[in-house]
Structure formats: structure tokens, C-alpha cells
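K.L.:
Here the protein sequences come in this chain order: A and B.
Just so you know, we're using our numbering here: the first sequence kicks off at 168 and counts up by one.
Just so you know, we're using our numbering here: the second sequence kicks off at 248 and counts up by one.
By construction, these hints were calculated from the structure, which means they are not laboratory data.
Please note that the accuracy of each hint is not assured.
If you want the footprint, here are the derived chain A segments under chain B, 3+ residues with CB under 8 Å [unchecked claim]:
no.	stretch
1	181 to 195
2	288 to 296
3	344 to 358
C-beta: ideal position from N, C-alpha, C; glycine also.
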Amino acid sequence: MSRLSALPSQTVGPFFHIGLTGNTKLGCLAGPEAKGERIRLRFRLLDGDGAPVPDGMIELWQADASGKYQHPADTQEKGPDPAFRGSGRLATDAEGTCSFETVRPGRTPDGRGGCQASHINVSVFARGLMARVCTRVYFEDDPALADDPVLALVPEDRRPTLIARPDPASPGCWSFDIRLQGERETVFFDV
Amino acid sequence: MKTYPRPEPGDQPPLLHPPYVSSIRRAPAMPPIPLPHTLSELTGPLFGEQPIGETDNDLTRQHAGDPVGERIIVAGRVLDEDGRPIPHTLVEMWQANSAGRYSHRNDNHPAPLDPNFTGSGRTITDADGNYRFVTIKPGRYPWRNHHNAWRPAHIHFSLFGTSFITRLVTQMYFPNDPLMPFDPISQSIPDERARQRLISRFDLELTEPEWALGYRFDFVLRGCDATPFEGQA
């Protein structure tokens, strides 16, 4: 069979809000009954000048607290948490920020018999980005970071860009800066 | 199990395309790190069970009156790279009105807003991967990218497909738009054939007599069926 080619990506442009981010409930991944450690995860999206990107969009995809993805390709023998959605989507505000309510994901398989450290998969869209860029959020206090096979692919000096940090003033709140360009540019992955 | 070959060179726009000025301070400078496809990438949001309202895929019936402009039907299929349909997947879209103005607070182009047109829609593909929207042909509009910059008529589309890998946001264009060669966004795609794939096709079969012109457009998302090598399970 002759293979087709996937369509090219094009930028979301500045006006995606009317089509994509009207539903702000997509900022909450975990219903009140969701199992696991509840967290608030705050993103800040910055351009090459360190200026906030006020017309960006961030999407999350993550496993539930037990490490199960709500998807048929996840054949691990455990049921997904019905009170957990797994996906989220928000527009950034004038400060380039947006905050999701979720739970810390469990560890998921690495496809080679081991486990990955707990992480959240992130897609970033914005005016000026011709295609989405993808990154991952890991958690600073996670002892599994040292053995994570994906982090091991990242030069050591750039790994800190993938690590969310707890906000000492607000328990349960974590911060993650996405620097699209420039000093401490976030690591992006080619999926 | 599906596999997801990487795109051919030239099929996707580079992140940095200086003629598109906004890319200059926003495109990452470091090359992305190739990610092995783990369960995190092979799964993804599905949105197949979303409640879809009766007029969500008919942008001409979302208000009390008829919107101004040329009524059109945009329809086609969502497919993978083997040509297999992707059923029950969410397709979202947004666009300018017939005068080239978005119903968005940041759009200050001095063209009229249309109280009968919001310009956003969504639908779910059927069991055979078909989708269909009724809308108004979007107008062309100026933007401040460079002197005398105008966007060709386009509709923005957003699709999820079957995994984190298949996510696509793109723009669909119309045949024979004289603005295409001057548009840095569409021209950022290096391969001419890949660029042509974003242009819809006028379709008389899809056209409804005395009602609306039809444009056909198929979405191809990444992924094809695995061909395991001998000895592999």
C-alpha cells in the first residue's frame, strides 16, 4: 500500500481561543474523588527575551496516580481511575501563566521492562510556533529521576529545565517555566 | 500495534522561519531530542465521547439569524498514513467571518463583526472517519507581519487522533488563492507537494444545489500499521 504523508502543521495563530480554550474546566484533570496526591501545577511560558507569552496554549497528558493511562493502548492490568481525566488544556494569561489542578502521576513503563519516573507530557502551542513543541514535567523530589531512561537522553546541564519545583509558600503547588528560546531554553522532544 | 515513523524531511515547516516574524523570538533554537515512543506517547487524549451540540458543526445555525457570506460545506475523512479511517475522533475548527474578522477581542482589523457568526465549530468523526462542517467562506485579512501582508483564506483545524504523537493543529486553504505565494505561514513548508496537501478541493458532488458549495479535505495524521520483522512478536 502506498503510504500517505501526515499533513503539515501550521501555527495556531493569535485567535485560537474562540475554537479551543473556551472551556476552562479543562484546567482540572482530577475530580474530587480522584485518587492520589493533589497538586496545582503552574506554568509560565516565556519567549527568547524572557517576556511572557500571553497567547499560548498548554495541553497536558498524564497517567493517573497508579500509573495507568486512560487509553486502550495501556494494557497494564489495572483499571484507570474513573475520577481522573488524564488530559487538560488552558490558554496562557497576560503574564504567560496558567494553572492546572491534577494529581501526581504514577510511574509508567519504559517499554524495556523498567519504569519511567513520574512525568506529565506537555504540548505547547502559540502564535509564532509553526508546530507544537513537546516537553515533559518531572518532579524535583522524585528519587526515580536518577534512573529515568528519558532524562538520561538529555545532557545533564539541561535536565533542570524539565523539573518542576515546589512553591515553598503554598504546599501542593508546583511551578514549571517553559523558556522557548535563549538562556536555559527548555528541553523539547521530537516525538 | 501502530508505529509512528518520523516525518519525511521537507514535509513539516521548520520552527524557525524568519519571514514569519513571530517565530524569531519564539522558535526554540536547540534541536529537539528524539524521544523513544513509550506508553506515554503511544497513548493520548481521545475525546471520542465529548457531548457535541446539534449546531456545533453548522456555523451558520449558531445564532438567531443567517451569517453574511458565501455558505460552504467542508467535509472529508480523517485517516492515518496507511489511509485507514480514524473513527470517533474530535475535530475542532475556528475561522474569520466573511469580512475577514475574528470574533476575538484582540482582532482589531476594521472589518465588520457579524452578530450571527462566532466562527468556531467541532464535531466527531463517524465510524468511517467522516466529518462535515457547514460554514461561511472565511474572508482574507491583513496582518502586520510585513508591509502589505495578507493571509489567504483559511480555516484553522485541531485534531487529536489516536495518541499523543498524532496531535495536529493546521490550517486548510482554498484552491487558486492568489495570496498563497506571498504567505510566509503556508510557504514555510519546504516541500511543494506537502504544501499542496493543505489546499482543499472544490467538489461538485459535495455541493448542495441552491444551497452551498462543497470543499473536500482529508486529514492525514501520523501512524501506520506495524510490519514486524521476522522473529519479532
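K.L.:
Work down the list of hints and note, for each, if the structure agrees.
P.N.:
Do the hints match the structure? See the list:
no.	hint	in the structure
1	181 to 195	holds (count 8)
2	288 to 296	holds (count 7)
3	344 to 358	holds (count 10)
Every hint, counting from the list given before, is met by this structure.
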